[in-house]
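Chains as they are written, first to last, in my numbering: chain A, 1 to 346; chain B, 1 to 447; chain C, 1 to 279.
Check each hint, because a few of them may be wrong.
Claimed, not checked - Below are the DSBU-like pairs computed for lysine-lysine, each with C-alpha atoms no more than 35 Å apart in a straight line:
id, chain 1, residue 1, chain 2, residue 2
1, B, Lys-55, C, Lys-81
2, A, Lys-343, B, Lys-9
3, B, Lys-359, C, Lys-81
4, B, Lys-230, C, Lys-81
5, A, Lys-343, B, Lys-176
6, A, Lys-343, B, Lys-230
7, B, Lys-9, C, Lys-81
8, C, Lys-219, B, Lys-230
9, B, Lys-233, A, Lys-343
Keep in mind that the hints were calculated from the coordinates and are not lab data.
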Amino acid sequence: MAKALRTEALLDFLRAVQQDARRLVAPVEEDGLRLFRAVDRVEEITLAEGNTRWSFKEVLFPRSEALFHYRLSGGSVALQEPDQPEGETVVFGARPCDAAGLAVLDAVFAPNGRPDPDQAPEHEDPFYRRRRAQTTIIGLACLEPGPACFCTAVGLSPTGTAGSDLLLTPLPDQGVFLAEAVTEKGERLLAAHAHLFTDTDDTKEQATRAAEGRIQRTALSGVGGPLATLFEAPPWEELAARCLGCGACAFVCPTCHCFDIVDEGNAAGGSRCKFWDSCGFALFTAHTSGHNPRATQPARFRQRVLHKFRYLPERFGVQGCVGCGRCIATCPVNMDIQEVVAKVTG
Amino acid sequence: MMSDTFEPKIVAFVCNWCTYTGADLAGTSRMQYPANVRIIKLPCTGRISPLFIMKALEQGADGVLVSGCHPGDCHYTAGNYHARRKYTIFREMLHFLGVEPERLFFSWVSAAEGRKWADLVAEVTDTVRRLGPRRSAWGEPVEGIAAPRLSANPVPFEAPAGTFAAQAEAMREKAKALLAGGEVGTVIGYEQGTLPGTARPAFVSTPEEVDRLVWNEHCHQNLAVYAARKPAKPGKVALVVKPCDERSLVGLLQENRLAREDVVLIGMACHGVQSEGALAPRCAACQTRTPALADPVIGEATPPTATADPRLEQIARIEQMAPAERWNFWQGHFSRCLKCYACRAACSLCTCERCLAEKAQPRWIPAPPDGAGNLSWHAVRAWHLAGRCVDCGACSAACPADIPLYLLNLKLAQVVKDAFDYEAGRDPAAAPPLTTYREDDAQEFIR
Amino acid sequence: MANVYLPYLMTVAAVRDETPDVRTLRLEFQDESIREGFRFRAGQFGLYSVFGQGECVFCIASPDTRPGAIECSFSYRWGGKVTSALSRLTVGDTMGFRGPYGNWFPLDAMRGKNLVFIGGGIGMAPIRSIFETALDQRAEFGDILLLNGARSVSDLVYKAETEAWIARDDITCVKTVDPGGETPEWDGKVGLIPKVLEELAPSATNALALVCGPPIMIKFALESLAKLGFGKEQIYTTLENRMKCGSGQCGRGNIGGCYVCKDGPVFSAAELEQLPPEF
Ligand code: SF4
Ligand code: SF4
Ligand code: SF4
Ligand code: SF4
Chain A
1 MAKALRTEAL LDFLRAVQQD ARRLVAPVEE DGLRLFRAVD RVEEITLAEG NTRWSFKEVL
61 FPRSEALFHY RLSGGSVALQ EPDQPEGETV VFGARPCDAA GLAVLDAVFA PNGRPDPDQA
121 PEHEDPFYRR RRAQTTIIGL ACLEPGPACF CTAVGLSPTG TAGSDLLLTP LPDQGVFLAE
181 AVTEKGERLL AAHAHLFTDT DDTKEQATRA AEGRIQRTAL SGVGGPLATL FEAPPWEELA
241 ARCLGCGACA FVCPTCHCFD IVDEGNAAGG SRCKFWDSCG FALFTAHTSG HNPRATQPAR
301 FRQRVLHKFR YLPERFGVQG CVGCGRCIAT CPVNMDIQEV VAKVTG
Chain B
1 MMSDTFEPKI VAFVCNWCTY TGADLAGTSR MQYPANVRII KLPCTGRISP LFIMKALEQG
61 ADGVLVSGCH PGDCHYTAGN YHARRKYTIF REMLHFLGVE PERLFFSWVS AAEGRKWADL
121 VAEVTDTVRR LGPRRSAWGE PVEGIAAPRL SANPVPFEAP AGTFAAQAEA MREKAKALLA
181 GGEVGTVIGY EQGTLPGTAR PAFVSTPEEV DRLVWNEHCH QNLAVYAARK PAKPGKVALV
241 VKPCDERSLV GLLQENRLAR EDVVLIGMAC HGVQSEGALA PRCAACQTRT PALADPVIGE
301 ATPPTATADP RLEQIARIEQ MAPAERWNFW QGHFSRCLKC YACRAACSLC TCERCLAEKA
361 QPRWIPAPPD GAGNLSWHAV RAWHLAGRCV DCGACSAACP ADIPLYLLNL KLAQVVKDAF
421 DYEAGRDPAA APPLTTYRED DAQEFIR
Chain C
1 MANVYLPYLM TVAAVRDETP DVRTLRLEFQ DESIREGFRF RAGQFGLYSV FGQGECVFCI
61 ASPDTRPGAI ECSFSYRWGG KVTSALSRLT VGDTMGFRGP YGNWFPLDAM RGKNLVFIGG
121 GIGMAPIRSI FETALDQRAE FGDILLLNGA RSVSDLVYKA ETEAWIARDD ITCVKTVDPG
181 GETPEWDGKV GLIPKVLEEL APSATNALAL VCGPPIMIKF ALESLAKLGF GKEQIYTTLE
241 NRMKCGSGQC GRGNIGGCYV CKDGPVFSAA ELEQLPPEF
């Protein structure tokens, strides 16, 4: 039977959760934008509908992190593993699209967790893996998807459970959040705070229908199929003429995971750092010789689209875009990935 | 007490011909002065890039001293005059960002002034020792001080009814005529965006496609960013420009990125544009509402809604903050920076083929989007746009992190105006302020 | 869990100038157990690092039959940050290596076959690895032909070794330089690799060809091999892309849907044909 959490009890629940974990990350308002931040007081959390400016992926895949530190003295080198101080973390307020996006990060950074024996378990990102194991996701279903949202167009739902450990769906008429434990972690969370939850016969069906009904964007059917033959065919030149080649789309995206590695430091030592990068940047694939396999912005934009809609499904069996709409809203020139895919596959 | 034990690290960048020789003289004459200063010798103050000052601070210097030949004595004629202009701006910028100005010293020390050098070093060391260590590392907030927040007061947007529709019609007619005429291969204008209340750049190359083009209060992007790109279609490019966008063209012409006859400008008399539902901050007091450079000017302008630029008040409020607060104000904003470089990509005057941010040998700007990397990035970008930024607002509008980049750019525009009586993007024939100098440029800050 | 980004510490045991801008480093593992235990397969690549400068990717240029050390050959012509730093290393210096990554040449399929090795310029590095691997088990293979070509005499890599290979009578080794690249003393062939290859005309029967070099050379060498009757499954080559992680995560290694770092770097000509034009 489903569980219900009274709307007024949400903060009590979060406070209790915060006490158990080392870190609670949730959406807050800052300088006029909504962002995921580690919160001190649960009262800071905003429950406003709609997505934060960028996703919470940095909890697991920080925008910059040290892979190791090095000290140089004379000719000798000493390497040192970095600490990972975050510890047990609970993310609250993950929208279903963002939570579903974890599948992509998991597939790329922690492939061994997947039950696919063909994927050689040779390489895992140990930092991601550790953080992932220490993170619990409390999802928050959307009742009012915005004009950029298109999760339903890629087979997801504003009340979907994928990626969440525990999903809360607001049922304002009943004055409760419907709580669904999706994973064992979620079960444990419910069990640990059982006194706050009651059994209920309510379902989220109606909320789901209403929320899905608000999404105006057309379904992207046959994704993967048509795109498989569209490397040269669609007029990428025209579709991407206005793309500026920045990294805004990639950095706000819950599934983008490209990164760069550089050594930062001075003559005495420093760190080898891994940090976010974007396939939209002109130098992303440039060789030192000057040769660039993706020499034009349209070629780079094509990479962005095909990576999400073809290579990831083909290669990792995951949906590369979860329809959060962030790139559409954030792009300075409104490059609209849903519009583009609908156009080239339609 | 800290000051009893604190020995500041001070980096001195000096020119080879005058100050270094002067310092040498101080040494050979056995004048006593503190050993806190590490001297780095360069050929000329003209070679002492402000980036060196920034790097020294990033690497933990407690104070920086720059010294070279007296005006008129430069071994290379005018290196110190150029340098003086650069430091004038850079110093103000660091100050605005919250670096205590008392940690930065500029002087002229000749080869004969061993005594002056010894005294200077003693004074510098003493001053910095009294200030104590820097209160935080480069790019890290000062602990124990909350980041002050500024709230802007949005000005409601109003445009006279009907103006946009008539202008749009005339603009489309013009665009069609240009494309039909054959000389113009691509018109870059605006079309409706896919989100409610948005417009976006549009590239059209046939008269039929022109019907997509719109003109309304949402047309805020600066299309000059595409001016210097090679068009995919043969023929010239025609750009739809607002008066502020047009200033970018002036900059591109000054810097020889473009020749005037390479592009056709369809100028739109302006009523201001919207950002996030209100009048864009730069528009409230904008005085230039009619394009000056454009081929046709379409429509008639509406006068500004405010007499004073509301952003100047924000700048004044930042200037009232103590250095540590100011520092934290900026760190608060910069900490959000993702290094997505949308600001750079949207800027029509960020025209470097390879941005300093991408240069690794040496790496002036730490690459990762963390404290040091972000602060250096913002300092360098603002610095490189000083005297060039035309206040088009494109960078701030593009920033996904809503960092008020315009405050920094505008502040530097003020500095340039005050110090060199120059405004970017006004006169294609004018020499940009950092390419020239006057012998009587102000130099109160130099000892 | 092991930190896959942590390189092995290596000591530079030897530095050899191949050409004015190509250098070979011999690298020994500092940790004894790794020195004993490290294995790779010819064709695989690794990331080489100079601490404080960064990492860059090249193949391992030594045969997989001689454990204990590896060699790499790299060009520093373009003045990249890491390659420049590598070129400043001297014997005894410490640097880093992580790997091996990627797939390898099909050694098992090569057994019993006649082998044609073709290397152009720095493309000889992976060829040298598999070629010497084969030489170390000479009896397992049929006829062996190696063609080492370069733009000019001074650009020819592995000069001393090439002379030693030429002197052997159980293999055929031919060196060539592009027309105009010869010197008065040059005793090798003068001609572009594809042309020399057609002159040598190795038989395609029961044979495999392994080709590596600049893209334009590969393109024409593949055409020449086709003329000689080599089928697409009989030809292997290696590709190179800019990479950061070495393992299909950083987003650079792909050509269309194919990840050079995981599916490659070794590809058959048949596989190559399937790739979109993005390299
Ligand atoms: S699609 Fe938009 S956000 Fe992405 S690179 Fe292009 S301009 Fe930047
Ligand atoms: S590609 Fe765009 S819509 Fe899709 S998941 Fe990423 S940010 Fe969201
Ligand atoms: S710095 Fe910003 S405001 Fe200035 S010209 Fe560039 S985009 Fe426009
Ligand atoms: S656009 Fe904003 S987030 Fe992106 S690099 Fe510029 S300041 Fe940083």
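Hint-by-hint comparison with the structure:
1. In summary, the hint linking B:Lys-55 to C:Lys-81 is supported, as the alpha carbons are separated by about 19 Å, within the 35 Å threshold.
2. Between A:Lys-343 and B:Lys-9 the CA atoms are separated by roughly 61 Å; this puts the pair beyond 35 Å, and the hint is violated.
3. Between B:Lys-359 and C:Lys-81 the alpha-carbon distance is near 10 Å, which keeps this suggested pair within the 35 Å criterion.
4. The suggested pairing of B:Lys-230 with C:Lys-81 holds, with an alpha-carbon distance near 30 Å, which does not exceed 35 Å.
5. A threshold of 35 Å between alpha carbons decides the hint, and for A:Lys-343 with B:Lys-176 the separation of about 26 Å falls inside it, so the pair holds.
6. As the CA atoms of A:Lys-343 and B:Lys-230 are separated by approximately 25 Å, the hinted pair is consistent with the 35 Å bound.
7. For the suggested pair B:Lys-9 and C:Lys-81, the alpha carbons sit about 29 Å apart, so the restraint of at most 35 Å is met.
8. For the hint pairing C:Lys-219 with B:Lys-230, the CA-to-CA distance comes to about 30 Å; that is within 35 Å, so the pair holds.
9. Restraint check: the Cα-Cα separation between B:Lys-233 and A:Lys-343 comes to about 22 Å, which is no more than 35 Å; the hinted pair holds.
When held up to the earlier numbered hints, the structure conflicts with hint 2 and nothing else.
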